[in-house]
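K.L.:
Given these sequences and hints, build the entire structure.
Protein chains in written order, with the numbering used here: chain A, 1 to 251; chain B, 252 to 611.
Check before you lean on any hint, since a few could be wrong.
[As the list claims (entries may be wrong)] Derived pair list, reagent style EDC-like, types lysine to aspartate or glutamate, alpha-carbon separation capped at 20 Å:
{"hint": "1", "chain 1": "B", "residue 1": "K394", "chain 2": "A", "residue 2": "D202"}
{"hint": "2", "chain 1": "B", "residue 1": "K394", "chain 2": "B", "residue 2": "D469"}
{"hint": "3", "chain 1": "B", "residue 1": "K394", "chain 2": "A", "residue 2": "E185"}
{"hint": "4", "chain 1": "A", "residue 1": "K77", "chain 2": "B", "residue 2": "E552"}
{"hint": "5", "chain 1": "A", "residue 1": "K77", "chain 2": "A", "residue 2": "D66"}
{"hint": "6", "chain 1": "A", "residue 1": "K77", "chain 2": "B", "residue 2": "E553"}
{"hint": "7", "chain 1": "B", "residue 1": "K481", "chain 2": "B", "residue 2": "E452"}
{"hint": "8", "chain 1": "B", "residue 1": "K362", "chain 2": "B", "residue 2": "D342"}
{"hint": "9", "chain 1": "A", "residue 1": "K77", "chain 2": "A", "residue 2": "E6"}
{"hint": "10", "chain 1": "B", "residue 1": "K486", "chain 2": "A", "residue 2": "E6"}
{"hint": "11", "chain 1": "B", "residue 1": "K481", "chain 2": "B", "residue 2": "E447"}
{"hint": "12", "chain 1": "B", "residue 1": "K394", "chain 2": "B", "residue 2": "D384"}
{"hint": "13", "chain 1": "B", "residue 1": "K362", "chain 2": "B", "residue 2": "D409"}
[Said to hold, decoys possible] These stretches of chain A come out as covered by chain B in the derived footprint (C-beta under 8 Å, 3 or more residues):
{"hint": "14", "stretch": "5–12"}
{"hint": "15", "stretch": "17–26"}
{"hint": "16", "stretch": "56–69"}
{"hint": "17", "stretch": "132–141"}
{"hint": "18", "stretch": "201–210"}
[To be verified] The calculated label-pair distances, taken between Cβ atoms and stated as ranges, are:
{"hint": "19", "chain 1": "A", "residue 1": "Q85", "chain 2": "B", "residue 2": "E419", "range": "51 to 59 Å"}
{"hint": "20", "chain 1": "B", "residue 1": "D483", "chain 2": "A", "residue 2": "D116", "range": "30 to 38 Å"}
{"hint": "21", "chain 1": "A", "residue 1": "A235", "chain 2": "B", "residue 2": "D483", "range": "44 to 52 Å"}
{"hint": "22", "chain 1": "A", "residue 1": "S223", "chain 2": "B", "residue 2": "D469", "range": "41 to 49 Å"}
{"hint": "23", "chain 1": "B", "residue 1": "S550", "chain 2": "A", "residue 2": "D124", "range": "51 to 59 Å"}
{"hint": "24", "chain 1": "B", "residue 1": "G358", "chain 2": "A", "residue 2": "Q243", "range": "48 to 56 Å"}
{"hint": "25", "chain 1": "B", "residue 1": "T463", "chain 2": "A", "residue 2": "L68", "range": "31 to 39 Å"}
{"hint": "26", "chain 1": "B", "residue 1": "R576", "chain 2": "A", "residue 2": "L68", "range": "30 to 38 Å"}
{"hint": "27", "chain 1": "B", "residue 1": "D483", "chain 2": "A", "residue 2": "S223", "range": "48 to 56 Å"}
Read the hints as simulated data drawn from the structure, not as lab findings.
Note that CB positions come from ideal geometry on N, CA and C, so glycine has one too.
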Amino acid sequence: MPVEIEAIRPLADTAFTLDLAPAAGEDAARRVHTATAVLNAAIADGRLPGVTEVAAAFRSVTVHHDPLRTDRASVLKAVVPLLEQTTPAAALTGALWTLPICHDTDLAPDLADVADRTGLSPEDVIARHLSTDYSVYCIGFLPGFPFMGDLDATLRLPRRTSPRTRVPAGSVAIANGMTAIYPWESPGGWHLLGRCPVPLFDSTRTAPALLSAGDRVRFQAVSRTDFDQLTTQAAAGSLDLSQFRRTGDAS
Amino acid sequence: MTRTLQIVSPGALSLIQDGGATRSRALGVPVAGCLDRTALILTNALLGNAENAAVIEVRLTSPTLRASGGPVRLALSGSLSGHIIAADDPDSRREVRPWTAFILSDGESLKLAAPERGGIGVIAVDGGVAVPDVIGSRSTQIKAGFGGFQGRPLQAGDALPLLTPDAELPRESLCLPDGFDLGDGPIRVVAGPQEEYFTAEAYQTLTTTAFTVSREADRMGFRLEGTPLKHDPAKGSDIISDGIAPGAMQVPGSGLPIILMADAQTTGGYPKIATVISADLPRLANRVPGETITFSLVSVEEAEQAARALRGRLDAAIASIAPERRPGEIDLEALYTTSLIDGMVDMRLADHFPGNLYTE
Chain A
1 MPVEIEAIRP LADTAFTLDL APAAGEDAAR RVHTATAVLN AAIADGRLPG
51 VTEVAAAFRS VTVHHDPLRT DRASVLKAVV PLLEQTTPAA ALTGALWTLP
101 ICHDTDLAPD LADVADRTGL SPEDVIARHL STDYSVYCIG FLPGFPFMGD
151 LDATLRLPRR TSPRTRVPAG SVAIANGMTA IYPWESPGGW HLLGRCPVPL
201 FDSTRTAPAL LSAGDRVRFQ AVSRTDFDQL TTQAAAGSLD LSQFRRTGDA
251 S
Chain B
252 MTRTLQIVSP GALSLIQDGG ATRSRALGVP VAGCLDRTAL ILTNALLGNA
302 ENAAVIEVRL TSPTLRASGG PVRLALSGSL SGHIIAADDP DSRREVRPWT
352 AFILSDGESL KLAAPERGGI GVIAVDGGVA VPDVIGSRST QIKAGFGGFQ
402 GRPLQAGDAL PLLTPDAELP RESLCLPDGF DLGDGPIRVV AGPQEEYFTA
452 EAYQTLTTTA FTVSREADRM GFRLEGTPLK HDPAKGSDII SDGIAPGAMQ
502 VPGSGLPIIL MADAQTTGGY PKIATVISAD LPRLANRVPG ETITFSLVSV
552 EEAEQAARAL RGRLDAAIAS IAPERRPGEI DLEALYTTSL IDGMVDMRLA
602 DHFPGNLYTE
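P.N.:
Quick look at the structure:
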């Protein structure tokens with residue numbers, strides 16, 4: 001079955017969005033990931049002249065183009081058959097990561113509250129959050145910010161009613177059935193369950209964003225000692241990021 | 252001594268910007284870039300730069316600059332003017348006009364007036380501001396704090412790096428003889444991407460009532476005030492976040508639209524009623540808080556036609572770049588090339604005199 005286009009949504013003369021699935025989730029992520037890969041390959045080998053970028057969201061891709069080099073009709077005529085000839089991947093094919101998380105109380109200010117609201121013990125909340133291999137649905141909101149899912153159904157909560165004005169960088173958070181890591185200190189309304197010491201974004205790296213749409217992420221609890229050591233290494237620029245990449249088995 | 256452009260005083264918000272990033276959205280990085288692409292292209296053209304070379308974009312008030320370590324050639328967009336102060340004579344004033352390129356000699360200062368009407372001003376430098384390329388652009392990512400000059404707005408005492416020119420800089424001042432008019436009239440938008448989230452009444456309101464630019468208008472977005480745009484109650488005001496392009500007009504629950512600009516985040520979760528066409532983004536970017544805006548709906552094809560028409564006007568303006576004639580100077584070239592006899596009599600033509608001397 002091809003990647004089906006459910007809707008074509010214009011963004012004036014420089015872009016359009018293609019809806020590829022009815023809702024966000026694992027299935028939508030596979031379709032989006034497949035479509036993005038196919039279209040990026042076509043851009044790279046010159047089959048989509050005038051197309052500047054394909055950006056992935058939860059259940060859609062947005063195709064950006066230069067109206068002086070092409071027009072929407074021509075881009076659609078090239079893009080639609082490419083997607084129709086493609087079968088969505090059976091699984092996400094991005095990189096596999098195991099990222100450290102420390103749950104010490106001062107790093108997990110919402111753990112007790114999440115436990116209260118879900119009727120679970122804090123240990124249970126942690127165990128359930130650690131039990132899932134998350135898919136990176138897309139990068140957005142902030143440079144390098146990964147929206148990941150799906151979260152264990154028992155941990156589904158809406159955003160906090162009053163967002164924090166300052167969420168510390170590295171905070172691992174949950175809301176709306178998803179989990180994320182804040183790459184920067186920023187305002188934010190998600191529930192904070194712990195802290196990850198690995199810098200998610202560094203504009204001086206060859207690959208500035210650690211994670212890409214289509215990657216898979218598992219969290220691994222670490223002690224405060226390990227967390228502090230990793231944080232120190234990250235600050236000194238001596239943290240080897242390859243140690244967090246898994247190879248082989250994707251299960 | 253290294254040639255630099257010194258920031259004597261920075262103005263309210265002066266930023267290094269270029270054509271913006273093109274492949275940054277996958278990283279969650281806004282495209283950024285100069286809000287007024289026409290000013291970016293034309294000021295760079297006045298200097299013979301690549302059209303997306305990095306410039307100084309100013310808003311609301313203007314900086315004072317000084318050439319250091321050698322002369323610097325500068326070009327000003329249509330909203331900027333000011334005067335040059337000689338290094339050895341603080342009371343000296345040599346006027347510089349909008350849409351001109353000129354030399355600022357070593358040690359001279361350029362004091363600029365606030366952009367006319369408070370919109371966007373652009374100052375281009377020969378070769379482009381030589382800050383490092385980060386993720387395919389030299390634009391400042393204000394929120395993330397990278398790109399541009401040290402990832403932040405310019406401050407007094409900054410020394411902007413410049414390229415070493417291949418040859419001696421030309422001394423002659425150049426200008427756009429007819430300037431460049433962005434025009435007026437309604438800002439043109441294309442309906443969508445979430446047309447079905449809005450009532451017909453909302454589109455009626457959008458195209459028949461005026462909106463005011465609120466005080467919350469910056470490089471991330473312009474929040475507008477006016478009659479709220481009604482969502483279809485069956486649909487509500489939340490969508491599954493999707494992609495954004497500059498000009499997308501998102502409408503949160505309040506019904507008051509926010510037009511997303513170059514520094515907006517890369518995805519958004521509010522329905523977008525319409526998107527400003529690329530040809531009208533420079534005009535929109537120059538609107539300031541308190542000004543009113545009206546909108547008209549056009550098709551994608553009309554938007555594409557408008558983009559090509561704007562480019563045609565830019566190309567014509569670039570082709571017209573000529574030496575600047577200052578008041579009181581005699582324009583010898585014009586004297587030789589324009590028709591001196593236009594509107595006058597040519598005695599050689601038999602029919603010039605009403606009575607015709609050569610009757611039969």
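K.L.:
Are the hints correct? Go through all of them and say.
P.N.:
Hints versus structure:
The hinted pair formed by K394 of chain B and D202 of chain A meets the criterion: a straight-line CA distance of about 14 Å does not exceed 20 Å. Between K394 of chain B and D469 of chain B the CA atoms are separated by roughly 12 Å; this keeps the pair inside 20 Å, and the hint holds. As the CA atoms of K394 of chain B and E185 of chain A are separated by approximately 10 Å, the hinted pair is consistent with the 20 Å bound. As the CA atoms of K77 of chain A and E552 of chain B are separated by approximately 15 Å, the hinted pair is consistent with the 20 Å bound.
Taken as a hint, the K77 of chain A and D66 of chain A pair is honoured in the structure, with Cα atoms around 16 Å apart against an allowance of 20 Å. For the suggested pair K77 of chain A and E553 of chain B, the alpha carbons sit about 19 Å apart, so the restraint of at most 20 Å is met. Note on K481 of chain B and E452 of chain B: the hinted pairing holds, with a Cα-Cα distance of about 7 Å set against a maximum of 20 Å. A hinted pair counts as satisfied when its Cα atoms are at most 20 Å apart, and K362 of chain B with D342 of chain B qualifies at roughly 12 Å.
A hinted pair counts as satisfied when its Cα atoms are at most 20 Å apart, and K77 of chain A with E6 of chain A qualifies at roughly 16 Å. Under the criterion of a C-alpha separation no larger than 20 Å, the hint pairing K486 of chain B with E6 of chain A is consistent with the structure, at around 17 Å. Distance restraint check for K481 of chain B and E447 of chain B: the Cα-Cα separation of roughly 11 Å lies within the 20 Å cut-off, and the hinted pair is therefore satisfied. Taking the CA atoms of K394 of chain B and D384 of chain B, the gap is near 17 Å; set against the 20 Å cutoff, the hint holds.
Between K362 of chain B and D409 of chain B the alpha-carbon distance is near 16 Å, which keeps this suggested pair within the 20 Å criterion. Note: the stretch 5–12 of chain A has 4 residues with beta-carbon separation from chain B under 8 Å; the three-residue rule is met and the coverage holds. Residue count for the stretch 17–26 of chain A with a Cβ under 8 Å from a Cβ of chain B: 4. That meets the three needed, and the coverage hint holds. Taking a C-beta to C-beta cut-off of 8 Å, the stretch 56–69 of chain A contributes 10 residues in contact with chain B, enough for the three needed, and the coverage statement holds.
Under a criterion of three residues with beta carbons nearer than 8 Å to beta carbons of chain B, the stated coverage of the stretch 132–141 of chain A is upheld, 4 such residues being counted. Residue count for the stretch 201–210 of chain A with a Cβ under 8 Å from a Cβ of chain B: 5. That meets the three needed, and the coverage hint holds. Separated by about 57 Å at the C-beta atoms, Q85 of chain A and E419 of chain B satisfy the suggested range of 51 to 59 Å. The given range of 30 to 38 Å is respected by D483 of chain B and D116 of chain A, whose C-beta atoms sit roughly 37 Å from each other.
In this structure the supplied range 44 to 52 Å holds for A235 of chain A paired with D483 of chain B, their Cβ-Cβ distance being about 50 Å. Checked against the hint of 41 to 49 Å, the C-beta distance between S223 of chain A and D469 of chain B comes to roughly 43 Å, which is consistent with it. The given range of 51 to 59 Å is respected by S550 of chain B and D124 of chain A, whose C-beta atoms sit roughly 56 Å from each other. The hinted range of 48 to 56 Å is satisfied by G358 of chain B and Q243 of chain A, whose Cβ atoms lie roughly 54 Å apart.
Taking 31 to 39 Å as the suggested C-beta distance range, the pair T463 of chain B and L68 of chain A conforms, at roughly 32 Å. A hinted range of 30 to 38 Å holds for the C-beta pair R576 of chain B and L68 of chain A, which are about 32 Å apart. Restraint check, D483 of chain B to S223 of chain A: a C-beta distance of roughly 52 Å satisfies the suggested window 48 to 56 Å.
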